[in-house]
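Number of protein chains: 2
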Amino acid sequence: MVDYVIYGRGSFNQLDEILAPQRKDEAPIIFLVDHFFEGKTLPERIPLRGKDKIIFADVTHEPKTTNVDKIAGELKDEFGTVSGIIGIGGGSAMDLAKAVSLMMTNSGSAADYQGWDLVKLPGVYKAGIPTLSGTGAEVSRTTVLTGPTRKLGMNSDFTPFNQIVLDPELIADVPVNQRFYTGMDCYIHCIESLQGTYLNEFSKSYGEKALELCQEIFLKKDLWDHESDDKLMMASYAGGMSIAYSQVGVTHAVSYGLSFLLGTKHGIGNCIVMNHLEDYYPQGTVEFKQMVQKNGVEIPTGICKGLTDDQFDKMIDVSLGMKPLWENALGQDWEKIMTREKLRDLYEKL
Amino acid sequence: MVDYVIYGRGSFNQLDEILAPQRKDEAPIIFLVDHFFEGKTLPERIPLRGKDKIIFADVTHEPKTTNVDKIAGELKDEFGTVSGIIGIGGGSAMDLAKAVSLMMTNSGSAADYQGWDLVKLPGVYKAGIPTLSGTGAEVSRTTVLTGPTRKLGMNSDFTPFNQIVLDPELIADVPVNQRFYTGMDCYIHCIESLQGTYLNEFSKSYGEKALELCQEIFLKKDLWDHESDDKLMMASYAGGMSIAYSQVGVTHAVSYGLSFLLGTKHGIGNCIVMNHLEDYYPQGTVEFKQMVQKNGVEIPTGICKGLTDDQFDKMIDVSLGMKPLWENALGQDWEKIMTREKLRDLYEKL
Chain A
1 MVDYVIYGRG SFNQLDEILA PQRKDEAPII FLVDHFFEGK TLPERIPLRG KDKIIFADVT
61 HEPKTTNVDK IAGELKDEFG TVSGIIGIGG GSAMDLAKAV SLMMTNSGSA ADYQGWDLVK
121 LPGVYKAGIP TLSGTGAEVS RTTVLTGPTR KLGMNSDFTP FNQIVLDPEL IADVPVNQRF
181 YTGMDCYIHC IESLQGTYLN EFSKSYGEKA LELCQEIFLK KDLWDHESDD KLMMASYAGG
241 MSIAYSQVGV THAVSYGLSF LLGTKHGIGN CIVMNHLEDY YPQGTVEFKQ MVQKNGVEIP
301 TGICKGLTDD QFDKMIDVSL GMKPLWENAL GQDWEKIMTR EKLRDLYEKL
Chain B
1 MVDYVIYGRG SFNQLDEILA PQRKDEAPII FLVDHFFEGK TLPERIPLRG KDKIIFADVT
61 HEPKTTNVDK IAGELKDEFG TVSGIIGIGG GSAMDLAKAV SLMMTNSGSA ADYQGWDLVK
121 LPGVYKAGIP TLSGTGAEVS RTTVLTGPTR KLGMNSDFTP FNQIVLDPEL IADVPVNQRF
181 YTGMDCYIHC IESLQGTYLN EFSKSYGEKA LELCQEIFLK KDLWDHESDD KLMMASYAGG
241 MSIAYSQVGV THAVSYGLSF LLGTKHGIGN CIVMNHLEDY YPQGTVEFKQ MVQKNGVEIP
301 TGICKGLTDD QFDKMIDVSL GMKPLWENAL GQDWEKIMTR EKLRDLYEKL
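Protein sequences appear in the order of chains A and B. First residue of the first sequence? That's 1 in our numbering, and the numbers climb one at a time after it. First residue of the second sequence? That's 1 in our numbering, and the numbers climb one at a time after it.
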C-alpha cells in the first residue's frame with residue numbers, strides 16, 4: 001500500500017511541508033515532470049530547495065527501461081544519491097518516477113526487474129502527484145515499462161509510492177480527448193475487474209464504486225465541473241485499488257500488443273480495443289460506446305491495416321504472454337477459448 | 001495507511017508465512033487475543049514458534065492506559081524486546097495491540113501519548129486480525145484508550161498496523177447481538193462522515209460504499225450467510241477509511257461520555273445514542289431503527305436513570321471535549337447549537 005495518501009483541492013500547496021522530513025543532508029529532491037508542463041505555471045509552484053532539480057520527462061512514448069537506466073545513471077553521476085524522486089504527471093511520468101527511484105538503489109538495468117517480485121531493495125523515497133486521472137498508477141504496485149523483449153512492469157512490494165498527493169485542481173486543464181482516454185482506462189479497469197474470475201469482495205467494492213463514479217461523470221452529468229474532477233480522481237484511485245486486488249483482462253492484454261508493436265499509448269489503445277469487445281464484455285462495451293458518443297470523442301479505427309503476418313504474430317505473442325490477465329478474464333481454460341486465430345481476427349478489426 | 005492488506009477467505013492460514021520475515025533472532029511474536037477465544041479452536045491455529053506467546057486479553061471493559069502499560073512492561077521484563085505484537089479480536093483487542101506495540105519503544109505511560117501526534121517513535125511490528133467487524137480499528141490511525149483523565153486515542157502516524165489480515169471466515173461465529181452492535185458502529189461511521197462538514201470526495205466514496213454494504217446486509221437480505229460476512233468485513237474497512245479522512249460526529253461524541261462514566265462498550269453505546277438522534281441525523285436514525293427491528297435486536301433504554309447532576313456534568317464535560325467531532329457534525333458554530341442543557345436533555349433520554 002501507499003504509505004501516505006493526501007486528498008484535497010489545493011493540497012499541492014502543502015508539497016514543501018510534505019517533503020521536508022524526507023530531505024537528507026545535501027541530497028536533492030528530483031521532480032520528474034511530464035514535459036506537457038514545460039513553460040507552464042505548474043513547475044513554478046514546485047518548492048525547489050538547495051540542489052533540487054526538475055527534469056521534464058518526454059512521455060510522447062511510454063517509458064522504456066532504457067529511459068529509466070539513463071535517468072538513474074545520470075542522477076547517480078551528478079549527486080551520488082538523492083533524497084527522493086517525485087513523479088508529477090500521468091501514468092507514464094508516475095511510473096517513470098517509481099522505476100527511477102528503484103534503480104537508484106538496485107544494481108543493473110530496470111530490464112532485469114521486469115516481472116514479479118524481482119526487485120531486491122527499497123528505492124529512494126518516492127511520491128506521485130497525478131495531473132491526469134484514470135490509470136491508477138498512483139496506487140499500483142507496478143510500473144509498466146517497455147523493455148528490450150517485453151512490456152512488463154517492475155511488480156514488487158517496493159514499487160508503490162511512499163506518498164501520493166491527490167489534488168483535483170491539477171487535472172482541471174486536461175484536454176477533453178486526453179481526459180476521456182485516460183478516464184476510460186479507469187472505466188475498463190472496473191469492467192475487467194468486476195467481470196474477472198479473480199474477484200473478491202475487496203476488489204468488488206472498489207470496482208463498483210469506481211464504476212459508479214465513471215458512469216456519473218461520463219454518462220449522467222451534462223457538464224464537466226470541479227465535482228467531476230473530484231470524482232474522476234477518486235475513481236482512478238478506487239479503480240487502481242480494485243485491480244491491485246484482482247487483475248485486468250482482455251482489453252489490457254490485447255492493448256499491450258498494440259503498444260509493444262505500434263507504440264500506441266495505453267489510454268487510447270484500451271479504447272481502440274474496448275470498442276470491439278462485445279463478445280467478452282457485452283454490457284461494458286455498449287456502455288463504453290455510449291460514453292464515447294456522449295463525450296463527442298473519436299476512437300481511431302483501422303490501425304492494424306497493412307500489418308504483416310510477422311507483425312500480427314509479434315502482437316499475438318506479447319498479448320498471449322500476459323497469462324494472468326487472460327486467466328482472470330476467461331478462467332483457467334483460457335487457452336482453449338482465446339486461440340491465436342481468434343486473437344488475430346480481433347487485431348484485424350481494430 | 002496500513003502497509004499490507006490481505007483480504008480473503010482462509011487467509012488466516014497464511015499467518016506463519018506472513019510473519020516469518022518479521023522475526024528478529026530470538027525475539028518472540030506476541031499474540032494478544034480476545035479472551036472470548038480462550039478454550040476455543042482459533043488459538044490452536046496460531047502459528048507459535050520459539051518463545052512466541054499468546055496473551056488472552058480481557059476486553060470485558062475497553063482497554064485502559066494502565067492495561068497497556070502493564071502488558072508492555074511485563075513483555076519488556078520477560079523478553080527485553082519482541083519481534084511483533086499481533087492483535088486478534090474486535091476493536092478492543094486490536095487497539096490494545098497497537099498501543100502495546102507503541103509502548104514497547106516509547107518511554108513513560110500510554111497516558112502521556114493520548115492526543116494527536118504525540119507518539120515519538122514507531123512501535124515494534126504490529127498486525128491486526130479482526131474477528132469482529134465494524135469498528136474500523138483495523139485501518140484507523142488511533143487506538144482508543146481510557147486514561148486517568150480522558151478517553152482518547154494515541155492518534156499518530158505510527159499508530160496504524162503494518163499488516164492486517166481480513167479473513168471473513170473469522171467473523172462467522174459472532175453472536176447475533178454482538179455482530180449487530182459492532183456492525184452498527186460501521187453504519188454510524190458512514191452516517192456521521194457523510195453528513196459531516198469535513199466530507200470530501202475521498203471519504204464520501206468510502207462512506208457511500210460502506211453504507212451501501214450495511215444496507216444490503218442489515219436491511220435487504222433476509223438471511224445471514226458467508227456473503228454477508230464478506231460484505232461486513234469490507235464495510236468495516238471502508239467505513240474506517242471514510243472516517244480516517246473525515247471525522248465522526250454526534251453519536252460518537254455522546255457515546256464517549258457514556259463509556260467514560262458508565263463503561264458502556266463502544267458498539268452498544270453508539271446504538272443507545274443513535275436511537276435518539278432524529279434531530280441530528282433524521283434519515284439515518286429512521287433507517288437505524290428499521291435495522292434494529294429487522295434484525296430483532298434490543299437496544300437498552302433508561303441507562304442514565306438515577307444519575308446525579310455531578311455524573312451528568314462529567315459526561316457532558318467528556319462529550320463536549322471532543323471538539324473536532326462536534327465541529328464536523330454541526331459546523332464551526334457548534335457551541336451555539338449544542339449547549340450543556342441540550343446535551344443534558346439528550347443524556348436523560350438514553
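Honestly, the hints are just simulated from the structure, not real lab data. The beta carbon of each residue, even a glycine, is placed where N, CA and C say it ideally should be. A few of these clues could be false.
Subject to a maximum C-alpha distance of 20 Å in a straight line, what follows is the list of computed EDC-like cross-link-like pairs (lysine to aspartate or glutamate) [stated by the list, open to error]: (1) A/K120 / B/D3; (2) B/K204 / A/E212; (3) B/K204 / A/D25; (4) B/K53 / B/E78; (5) A/K204 / B/E78; (6) A/K221 / B/E208.
Just so you have them, the derived chain A footprint on chain B, three or more residues with Cβ under 8 Å [claimed, not checked]: (7) 16 to 23; (8) 231 to 245; (9) 278 to 287.
How the hints compare with the structure:
For the hint pairing A/K120 with B/D3, the CA-to-CA distance comes to about 18 Å; that is within 20 Å, so the pair holds. Among the hinted pairs, B/K204 with A/E212 is consistent with the structure: their alpha-carbon atoms are about 13 Å apart, no more than 20 Å. Among the hinted pairs, B/K204 with A/D25 is inconsistent with the structure: their alpha-carbon atoms are about 40 Å apart, more than 20 Å. Restraint check for B/K53 and B/E78: the C-alpha separation of about 11 Å stays at or below 20 Å, so the hint holds.
Distance hint between A/K204 and B/E78 is unfulfilled; the C-alpha atoms sit about 45 Å from each other, more than 20 Å. The suggested pairing of A/K221 with B/E208 holds, with an alpha-carbon distance near 19 Å, which does not exceed 20 Å. Counting residues of the stretch 16 to 23 of chain B whose CB lies closer than 8 Å to any CB of chain A gives 0, which falls below the minimum of 3, so the coverage claim is violated. Counting residues of the stretch 231 to 245 of chain B whose beta carbon lies closer than 8 Å to any beta carbon of chain A gives 6, which reaches the threshold of three, so the coverage claim holds.
Closer than 8 Å: that is the beta-carbon criterion, and the stretch 278 to 287 of chain B has 0 residues meeting it against chain A, so the requirement of 3 is violated.
In this structure, the hints that do not hold are numbers 3, 5, 7, 9, in rising order.
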